[in-house]
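Asks: Model the full assembly from the supplied sequences, consistent with the hints where possible.
Mapping of the sequence shown onto UniProt numbering: position 99 corresponds to residue 99, and the numbering continues sequentially without gaps.
Hints listed in this document are in silico derivations from the structure and should not be mistaken for laboratory results. Model, not experiment: these values are computed from the prediction. Beta carbons are placed, not taken as given, at the ideal position from N, Cα and C, and that holds for glycine.
With a straight-line cut-off of 20 Å between C-alpha atoms, the simulated PhoX-like cross-links for lysine-lysine are:
#1 Lys-606 - Lys-788
#2 Lys-296 - Lys-252
#3 Lys-639 - Lys-606
#4 Lys-691 - Lys-724
#5 Lys-814 - Lys-825
#6 Lys-354 - Lys-591
#7 Lys-326 - Lys-17
#8 Lys-739 - Lys-639
#9 Lys-561 - Lys-534
#10 Lys-260 - Lys-33
#11 Lys-425 - Lys-435
#12 Lys-716 - Lys-739
#13 Lys-17 - Lys-33
#14 Lys-802 - Lys-756
#15 Lys-681 - Lys-825
#16 Lys-365 - Lys-354
#17 Lys-517 - Lys-554
#18 Lys-561 - Lys-435
#19 Lys-365 - Lys-322
Per label pair, the in silico range of CB-to-CB distance:
#20 Val-366 - Asp-415: 45 to 51 Å
#21 Ile-771 - Glu-632: 38 to 44 Å
#22 Lys-517 - Lys-260: 37 to 43 Å
#23 Asn-824 - Asp-437: 57 to 63 Å
#24 Ala-627 - Gly-154: 58 to 64 Å
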Amino acid sequence: MKKNKLLLIGWDAADWKIIGPLLAKGEMPALKKLIDNGVYGNMSTMNPPFSPMLWTSVATGKTPDKHGVLGFIELAPDLKGVRPVTTNSRKTRAVWNMLHNKGYKSNLVGWWPSFPAEPINGVVVSEKFQKIQKDPKKKNPIHNDTIHPTSYRGQIKDLRLRPYEVTGQHILPFMPNASKVDQENDQSISTFSKLFAENVSVHSAATYIMKNTEWDFMAVYYDLIDHMSHAFMKYHPPRLPEVPPHLYEIYKDVVVGSYKFQDMMLERTMDLVDEDTTIMVVSDHGFESGPNRILKMPKYPAAPALEHRQFGMFVASGPNIKKGEKIFGLGLIDIAPTILHHFNLPVGKDMDGKVALDIFKNPGKVEYIDSWDDLEGDFGELKKERETDQLSDSETMEQLIELGYIERPDEKIEDAIIKTRSDLKHNLARVYLGKKDYENAREILLELIEEPEPIDVIPFYMDLLTIELKYSNFDKAQEYLNKLRSLDSEFNLTTYFPESQILLGKGDVDGALSLLKIAVEKKPSPEIWFQIGKIYRRTSQYQKAREAFEMAIKFEPDRAKYHRALAEVFVRLGEYEEAAETALTSIELVKYFPGAHYTLGEALEKLGDLENAKLAYETANRLKPKAFPRVEKALENIKEKLAQPLELRDKAVNKYRENQIVLVSGLPRSGTSVMMQMLDKGGVSVLQDGKREADVNNPKGYYEYEPVMRLHRDNKWMGDAQNKVVKVVAPLLKHIDPKYRYKIIFMKRDLHEVVKSQQKMIGRNTDTLPINLLNSYQEQLNQIEIWKEREPGVELVYIDYKDVLNNIDEVTSKVSSFLGTDLNKEAMASCVDKSLYRNQVSVNK
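Replies: Listed below in structure tokens is the structure:
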């Protein structure tokens, strides 16, 4: 009988940006074999991207607020000290506990955290195993709780490689110029030796257990790529200007060498399993390797995590895994549910992750239970809190300090406890921020800013500032920004982005744009270019928006939201082929990106590819129902077009729309009031309130409805306009509720006449017309053309004011046909009074 085995391998911080070129050059053959015979894709990380939190989410299928691991360190059980995070912080069952309960054998090597080792059915070699003192004179005993069962301690204790046993033969493949290192002043070789030795120790233990035990599930965790990247990514090609050339030549190959060595270890593990074993290789996040690398780490809690990128990697291969396919939409919390489903076990409804059904040839039906935590029985869990000695914790603490993940704890233990408790609470607040649970995050942060010395409250105010911006509370956000300035006298914090958002929220578009331009000149970044592009898009400067979004993509080509934004701009520019291609790129990066599917639908509809446009719209609506109010009307339009003969599809079809809303629009003084009079006399019900009385400028009345003036803030009243006509000036059209059908009669008039009429109405000189106002009105008319193209619920016809005066029969027929109703054309014509055409502009010949 074939065994349904699964091997899970964790590569902390492995990133497709580095892997891709190595695969292309044939330098990661083991991983390539898995990809060719399986599936691959991005793996989305979580906030904050701290490894113990993330790998516990992998093991439990839950976010950190549920599983309880909230950082690199924890409070000791007696609350009288701090120590590296342990299994005891986890407050929910991991996948190996669930498998234990169902009789499966699981092996675990190096998982972070897995100390103290849990008494599961199998072998556990916790992350304490490989931690060895650098000093060869010091003893390196293995703590009793490091390995389960303890009988394996004697078998694998000598598999550890000591840092002082690492030789030139180990080092030179990574650093061919290692002999040039000034070892008195540069500890890089010492750092390398320690990291190398630890991962070799993990690998030795893993391969020994794989060969010498029976198992159904095995998980192995390597931190090689992450820790080597933190130490040496600054030297990775291409050389940054700030990096000294002689150091670059020594260390430039270390990161790539780490990936290649990790692949060599993968090849060995693959040799030790049969073809019936499913293999998953997963990373918890990526690592910045481009121009945005951080050369000098800021003084910020767990600052090295700032080097992490949003997407890690995922590869799976096995008997029931699809072959040669890219998958999308995976997150760390999806791994545990997927493993349970692989073993035909139910998924807990309290898990935040989902089963990655897309990876399976035969996915089968997912079964559910309320929670694995509610079940009684033996789950191989620790029975009590176990004490650990100073020796077992000291080396781990020292490494976390060296890597910059934690500060050296205060000698005054009370201060160390206060700081640790504060860090854990802050991490929980950041988890809530990542989940968009802003209320819970804010509640914790407001407690934290009241913490006494020696707590640094600046990070708390930064997060509070972020929350207030999410809520558009710009005054409160400004208050927090001012507080940050007062706390940081030198104000080294990068606050261009939040400050620009505050300015933007208060209507100072030019100020926000100027601030972001200063920021991007000081230190170019894709996110700043993206924000600049959004402002240009908001102000309808589409060509400039295009250039800004293209700059963002140049910096970071695998961010889906940048491509989607560019695709949207291409639609506005009428470059539909480019729009479709760019939207597809966005979808390739993140398959389940509803906005990208909607923009793809817009582009394909304009290109005449109605079937695929329909599919794109439907996908957007399915992924995020109610997020795209225009989808319903777009799909109705496509259905109508598909029902027509091909030669008629691009021609306007004037017919009555059930519950249609008729809008009369145009620039002020362009003839909108006379059209309202005509429609009123013609038999269309008018939505007006009569509050603005007729005057010398409009002796027959204005036909206005007061709520229209507040349309930019409130459009909920528009349902009252169904089967009626209401007047809406041109600048407010973009605020109409897209869930209704509209027939818009847009009045056009010579702009010089419009401005002259307005000048006369407000008592100004009509001989000199303001050029800026003329240009502004022309731009508004241009934007109406762009706007109507993206509104599937809008049909628009232009009526020239001169035609109303000189060709009234033609106009009434045109309007009646457009509305799809029979109007009283004679009554409409009787409304026209040529004597009111008082602001004509003569043209000199």
